[in-house]
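Just need the whole structure built from these sequences, with the hints factored in.
Residue numbers (this note's numbering), protein chains in the order written: chain L, 52 to 331; chain P, 52 to 331.
Hints listed in this document are in silico derivations from the structure and should not be mistaken for laboratory results.
Here the structure is a predicted model, which is why all the values come from computation and not from measurement.
Chain L stretches covered by chain P per the calculated footprint, using a threshold of three residues with CB under 8 angstroms from any CB of chain P:
hint, stretch
1, 223 to 232
2, 238 to 247
3, 250 to 256
We put the beta carbon where it would ideally sit given N, CA and C, even for glycine.
Number of protein chains: 2
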Amino acid sequence: MMSKVDMADKRAELDVAEIERYLAAAMEMADEVRSMIKSFITAGFRIDRKQDQSFVTSADLEVEQRLREMIGSNFPEHGIVGEEFATINPHADFQWILDPIDGTEDFAHGVATFGTIVGLHYKQWPIVGVIDHPALDMRVSGAFGLGAFQNGSRIAPVSSESAPGDGGVRMVISARANFTPYDNSGPLFDALVRRYPNHRIYRSCYGHTLAITGHADVMVEYGNHIWDLAASQILIEEAGGKYVTVQHLRLSDIETIYGAVFGRPALVDDITGLIRRPDR
Amino acid sequence: MMSKVDMADKRAELDVAEIERYLAAAMEMADEVRSMIKSFITAGFRIDRKQDQSFVTSADLEVEQRLREMIGSNFPEHGIVGEEFATINPHADFQWILDPIDGTEDFAHGVATFGTIVGLHYKQWPIVGVIDHPALDMRVSGAFGLGAFQNGSRIAPVSSESAPGDGGVRMVISARANFTPYDNSGPLFDALVRRYPNHRIYRSCYGHTLAITGHADVMVEYGNHIWDLAASQILIEEAGGKYVTVQHLRLSDIETIYGAVFGRPALVDDITGLIRRPDR
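Written out as structure tokens, the structure reads:
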């Protein structure tokens with residue numbers, strides 16, 4: 052869904068006013084969700100486990116339901132792919148991709164780095180992305196050709212220098228638990244943390260936000276689903292960074308596992324080179 | 052400074068009212084610092100590098116200076132050990148230990164997890180600890196015999212169960228960069244992240260706060276200084292958890308490197324056992 056290989060950029064078919072309308076809708080959705088999540092934090096919520104043993108809370112379910120209602124009433128012909136409920140209009144050109152609470156385990160434990168992810172893709176090309184962190188009062192947002200923003204302020208272009216001028220590379224990476232279940236990539240995690248020892252691990256989309264804003268230099272995301280990455284490609288590209296899909300495993304008709312590296316272009320090239328080398 | 056071996060607990064010499072007075076002073080210091088740091092975030096600050104290439108900002112310097120003024124006017128006979136300035140009254144029974152901004156690199160880059168650490172030790176025994184996170188509106192505080200608190204609410208005792216009832220162990224650990232410079236403990240980092248793959252890395256005291264509040268199960272801190280750990284032992288012990296010093300390297304007359312494991316007692320035992328095993 053995120054590959055550009057052998058495809059003309061379909062986004063040229065859309066005019067700016069239309070893209071602005073979708074971005075405005077995504078921002079309205081993020082506003083609504085932020086206020087819902089703050090209410091859940093105050094009032095409490097139910098915590099359950101899904102079949103795969105991952106966490107789900109009543110907040111995840113109600114937030115995604117509300118996002119689906121908003122999309123359904125504004126854009127009834129659009130498709131919806133979300134973490135918690137079934138796909139809608141799977142053959143539509145426009146696909147909204149939703150993770151109501153990314154980092155649910157952290158949310159359930161009172162850790163502040165969780166976030167809501169809303170992405171809109173058109174003919175498999177990302178056009179709108181929003182990542183909202185209710186507990187941090189922080190949001191990144193952007194759309195094709197319109198730039199990337201942090202809390203409404205335009206994000207300065209991500210540096211193209213290979214190394215940051217101010218010290219060691221600040222890499223954010225998925226936990227080792229994300230590297231092992233699908234394709235036994237534990238040794239890749241080990242090689243990456245050796246090469247870039249000034250790393251952070253958040254287990255949520257906070258790392259995406261930091262790479263997009265330039266507060267971290269590069270993000271390495273592994274073993275995730277489409278909704279975890281739905282907003283990040285358009286956001287990093289609009290911020291002047293580079294995005295490369297490095298893992299694409301079709302587990303079944305309904306489940307595909309994705310990994311991606313994004314951030315400063317020269318670092319993305321270095322890390323994708325490392326991933327491809329058999330002798331790392 | 053943190054070992055209890057062969058020492059009677061000197062804290063029995065202090066009465067409750069006195070300890071309450073020190074805790075109140077530490078809370079007042081944290082209030083003052085929080086408001087200063089919020090002002091720096093709004094107004095901006097200067098970023099420099101120290102001789103060891105670590106970051107220092109004008110905020111670190113001014114905050115520590117202010118903390119020293121407050122201690123000096125309230126407790127002129129007490130000692131002060133801080134990250135940014137010279138030691139005062141090194142032979143005093145009471146030693147205030149200060150990290151004005153722990154996670155300065157993150158603070159300088161706009162990452163929210165940095166914090167201020169204030170600890171008070173009496174004859175080498177920790178009696179008061181405060182960790183304050185201005186960007187998260189979160190504080191943990193506690194004192195000997197008085198309990199541990201999160202934003203003023205008593206923290207429920209850390210569970211003594213070996214594994215959390217709700218899934219995989221949530222370990223927070225220092226980055227690999229903290230394990231290699233002093234005693235080549237990189238392989239220990241590798242063994243720990245394999246054993247507990249549901250880990251997080253913050254590179255700041257936010258992981259301490261999560262272990263103390265029970266939001267994470269255990270914290271493994273390596274390659275740090277006394278001011279990084281000055282508040283954590285009293286806080287985790289008052290929250291019902293266990294604290295073990297696992298690294299104590301005297302580099303020179305003025306520099307000692309510390310590591311510690313703290314959190315759920317059974318997990319602390321498991322990890323300290325792993326650290327001691329030569330065949331891990």
